[in-house]
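Visitor: Below, each chain spelled out in residue letters.
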Amino acid sequence: MKVKENFILREMKNANGESSYIVIAVGKTAEKFKGYLTLNETGAFIYKMLEKGVYNVGEIVDSMKTEYDAPIEIIEKDVLNIIKILKDSGVIDG
Amino acid sequence: MKNVYKIAGLNILIEYFYNETSILLNKFKVEDFSNIDFEIIITKLDIEKQMELTKINEPSFVENQCILDKLSSILLSKYQGFIFHGSSICYDNNGYVFTAPSGTGKSTHVNNLVKVLKDKIKYVNDDKPIIKIEKNALYLYGSPWEGKHFLGNNIKAKLKAFIFIIRDKCNSIKEVDFFEFLPKILSQSQKPKNSTEGQKLLDIISAINNLGVKFYVLKCNKDVSSAKLTIDRVFKG
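In order, the protein sequence lines correspond to chains A and B. Residue numbering for the first sequence is 1 to 94, as defined by my numbering. Residue numbering for the second sequence is 1 to 237, as defined by my numbering.
Please keep in mind that the hints were generated in silico from the structure rather than gathered at the bench. Everything numeric in this text was worked out from a predicted model, so none of it was measured. Yeah, the Cβ is synthetic: ideal placement off N, Cα and C, and Gly gets one too. Check before you lean on any hint, since a few could be wrong.
[Stated by the list, open to error] Now the stretches of chain B that chain A is said to cover, found in silico as 3 or more residues with beta-carbon under 8 Å: (1) 149-157; (2) 183-196; (3) 199-206.
So that you can see chain A by itself, here it is in the shape it has in the complex (with noise of 0.2 Å):
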């Protein structure tokens, strides 16, 4: 699984400082994929995993598990729903 061609991820910071991460298309991709992908810190995470390509979702739960404090169900539901998102908008591929 990897992220397709032409997409860009990029940190925002509000007034508050507080960051949220969005994921725009650039080149021919912006003629289909219109608008902006908005992800929280994990799913930057996720995505950034996907920039590189991975086997499967077990390898990124796996790194996730060393980076988060947090029980596996969760961390492979949040997992599996950013991917979900990411493959319905066309980010990702595989």
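With chain A's structure known, arrange chain B on it following the hints.
Guide: Just chain B now, with coordinates in the frame of chain A:
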């Protein structure tokens, strides 16, 4: 043909083929060949690619689009500027951009403002103004792409507010924050051609958040009375 044009405060040597382009650019022509910031040279290949892309078979129609494309890339990569889709005016020395998808009624609303305020308002550009950060402030500039009524001037104004227009039966306006307005700015900005340009565009847009610019969403009909809302809440607010 080769001439120097002052666009967005920059002296640009532009080399092109067709007279139609010369007419479009004419308002921006200057005589100073000694102080050039950069060049835009259009080739036959540029024009062929643009004709292929747009499926327009008339080279004299597409040449200016080639210039717009190259200008957009240079503004993004070197000058913290981008081309925006909107109808923009200057009132009381302040710049305002009205934006919305094509056909919504931005030009109609701006036209209503002109009817009420008459010569207190000046068009900056009715279709594709240039927005640029200079010395930590945001500026609005005219451009040669002035829309079907050729409304615009080669002027500069400090940008005070963005107003997104939604067509509605009744008139109402609300101020929104940067994050709520962000999708609207992104959707109406000249699309970046690649990741580098995309990052530059996002750099500029992020910076806009901290430059004291206000954002509004205006719901309005075609009636002249809708102008009053903008005048009271945006211009005088």
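Visitor: Hint by hint, say whether it matches the structure.
Guide: Now the hints, each set against the structure:
no. : hint    : verdict
1   : 149-157 : violated (count 0)
2   : 183-196 : holds (count 8)
3   : 199-206 : holds (count 3)
The structure fails hint 1 only (numbered hints given earlier).
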